[in-house]
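Engineer: Sequence order for the protein chains is A and B. When you number the first sequence by the working numbering, it's gap-free, plus one each residue, and the end is 749. When you number the second sequence by the working numbering, it's gap-free, plus one each residue, and the end is 749.
In case anyone wonders, no lab produced these hints; they're calculated from the structure. Keep in mind the model is a prediction, meaning the values are calculated, not measured. Mixed in with the good hints, there may be bad ones.
No copy is singled out in the list; a pair is fine if it fits within one copy or between any two copies.
[To be verified] In the DSS-like style, the derived pairs of lysine-lysine whose C-alpha atoms are separated by at most 25 Å in a straight line are:
#1 K420 - K449
#2 K690 - K455
#3 K420 - K708
#4 K692 - K455
#5 K552 - K449
Number of protein chains: 2
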Amino acid sequence: MKFILKKINKRNKARCGKLATPHGRIQTPFFMPIATKATVKTLSSEDLEDINAQIILSNTYHLYLRPGLKVLKEAKGLHNFMNWEKPILTDSGGFQVFSLAKINKVSDEGVGFSSHIDGQYHFLTPEKVIQIQNVIGSDIAMCLDECVKLPATYNYIKESIERTTNWAYRSLKEKAKLGNKNQALFGIVQGGVYKRLRERSAKEIMDLDFEGYAIGGLSVGESRSQMYKVLDYTAPLLPENKPRYLMGVGTPDNIVEAVKRGIDMFDCVLPTRNARHGMLYVFSEDFAKNRKKDIFNFKKFYKIVRIGNKKYKTDFTSLDSTCDCITCKNYTKAYLRHLFSVDELLALRLATIHNLRFYLRLMERIRETI
Amino acid sequence: MKFILKKINKRNKARCGKLATPHGRIQTPFFMPIATKATVKTLSSEDLEDINAQIILSNTYHLYLRPGLKVLKEAKGLHNFMNWEKPILTDSGGFQVFSLAKINKVSDEGVGFSSHIDGQYHFLTPEKVIQIQNVIGSDIAMCLDECVKLPATYNYIKESIERTTNWAYRSLKEKAKLGNKNQALFGIVQGGVYKRLRERSAKEIMDLDFEGYAIGGLSVGESRSQMYKVLDYTAPLLPENKPRYLMGVGTPDNIVEAVKRGIDMFDCVLPTRNARHGMLYVFSEDFAKNRKKDIFNFKKFYKIVRIGNKKYKTDFTSLDSTCDCITCKNYTKAYLRHLFSVDELLALRLATIHNLRFYLRLMERIRETI
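Given these sequences and hints, build the entire structure.
Structural biologist: So, in structure tokens, the structure goes:
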């Protein structure tokens, strides 16, 4: 994997560049739609092509449980399995173990958990997580880290980042052992909202020389201003010539603010989950039509349309006249509202296509501005 | 509407022809995917274009309840509302009133029922059903008829066909009053499994001179051989120069047998409903590859794949190598099985696309053979 930093915005720390992977190049900064169980919920790989997704994220925890490693190995990896030819990033499964699994018990060795599906006991180590991602064949793999829910005490997080550093070291060693040149490995900086711990974690993870660095443990219960503050002092600690990934973030505002602080990569369930609840993102007209306006100084550049609202019952205009997705080009708000009100599954797909296209257009606009 | 009969098969009564409608021409015999609530479940109008659907069927009962006439009127009809530019046939709503509604009470005037959604009382008359379909703007409308579940007594059906004839007469009168030249109206022959009643119903409905004729009240509890017998004596009663529609039928075998008996039009929930239950239609290899083999003399020309079966877990071949749908071109059985087993909605759409394409390919093959 190769990262080329092309430009840094003059008035803030926003960066744009190119990330070359074994499955093609990606323009940064970018957003990754989430394909939890080898599909972005309701969408086919053709749909993802149509909205011009550059890369998707899939979840190691879910893939490990189902379809399982045997199937993925015989399929020759996730790209083949789901017929997606562009880049894939996989998370480590850590976040799901700590949030989804019924029971989980963390030790220095790894983390034991009961599957949320059948209660079966599994034990993940940093080594095993690298092995699993090696079978999945993602372009970018993540180290196993401990995800601490906020608020948490200074001492607990201190202990946790020691473990995360140790796991990062073991992950790199396992990767070297497997010798897979087609998969980049990213380290994750933890440390909660404590500056000293973020600094310490960053230093320790930098020392290990990964191909990219992620900031984890945000968007897990802290306030927006706390998150921005952590980014303010953490992003500058990361090397300039490596991609920077803010995990699990966030709203369109969050993304703009994080880009301003020097972040290159994002993923979040919001556009897809909100779509399935009939909450649809639309750019403000002013913003959409004045492409020269600076996104970094724009207040309220979008709104959320609750398509179930009665007022759309006979609204035969498209959701967003500036949007190029099939939902906006072919269907009206009245039709979308009807599909949601009669529980037709097409509603979920059309809404998902639109919301993801909104996020991808947002990233295109951000890249233009930089 | 104009029907041109091009050819009648030499060895049986199978016919092929062309039906010209305000929204384009249709090759007969044909199958209509069912778009109950203004969408074929899980599919967009683009998906229907992709599988080469010539015409779809939508349900007057469901559209009347939701989105309702106000919305459909302001949308300027169903074609606009759902962005479908090809022909649409609407049923009369009669079948749903008799099968879905909580309470229904039939009288000579019409049929009263409680909505299956909110229990609200509605009263449909033959005139009202014509008015509703006029607002929907379908290319082909159906008369309100009484659908009797079989088995039923001779006397009950006799009384019922008298009512159906009376309703057919009133439907034609209402249509003349509305003067909509862009909508054809079909009459429906009832009579259960009683030859004398079918003959009587056919005679009475023929006397009224519709633009096409349907055989109703089959596939409602009788045996296959009873159904074929009814077709044997009923189809020849219908005028040769008008299209013949067998309502709600059926399995691929049923369709082949009915085509042999001179039927031109079909609709059925089987391909879409079975798809959502992971039951996928696949042509036998022998049949698919030998395009010259006569479909009318073929035993077992297809099978049903239960994709949830364990044996497909690592089957990385496509469902049907001869099929041109996106499901077969882009995905494997192992991937489809995975999607069904983790309850991903993409499973339902990919399965629906394939099963409908199977039915449409079946009709293409039938037309070629004739």
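Engineer: Please go over all the hints and tell whether each is borne out by the structure.
Structural biologist: Now for the hints, and whether the structure bears them out:
1. Only within a single protomer do K420 and K449 lie at most 25 Å apart by alpha-carbon distance; the minimum there is 23 Å, versus 33 Å between protomers.
2. Within a single copy, K690 and K455 get their C-alpha atoms only as close as 50 Å, which misses the 25 Å cut-off; across copies the closest is 18 Å, which meets it.
3. In this assembly of identical chains, K420 and K708 lie within 25 Å of each other by CA distance both inside one copy and across copies; the values are 21 Å within and 20 Å between.
4. Proximity of K692 to K455 under the C-alpha cut-off of 25 Å is restricted to the inter-copy arrangement: shortest distance 14 Å between copies versus 48 Å within a copy.
5. In the homo-oligomer, the alpha carbons of K552 and K449 lie at most 25 Å apart inside one protomer (24 Å), although the nearest pairing across protomers, at 67 Å, exceeds that limit.
The earlier numbered hints are all upheld by this structure, with none contradicted.
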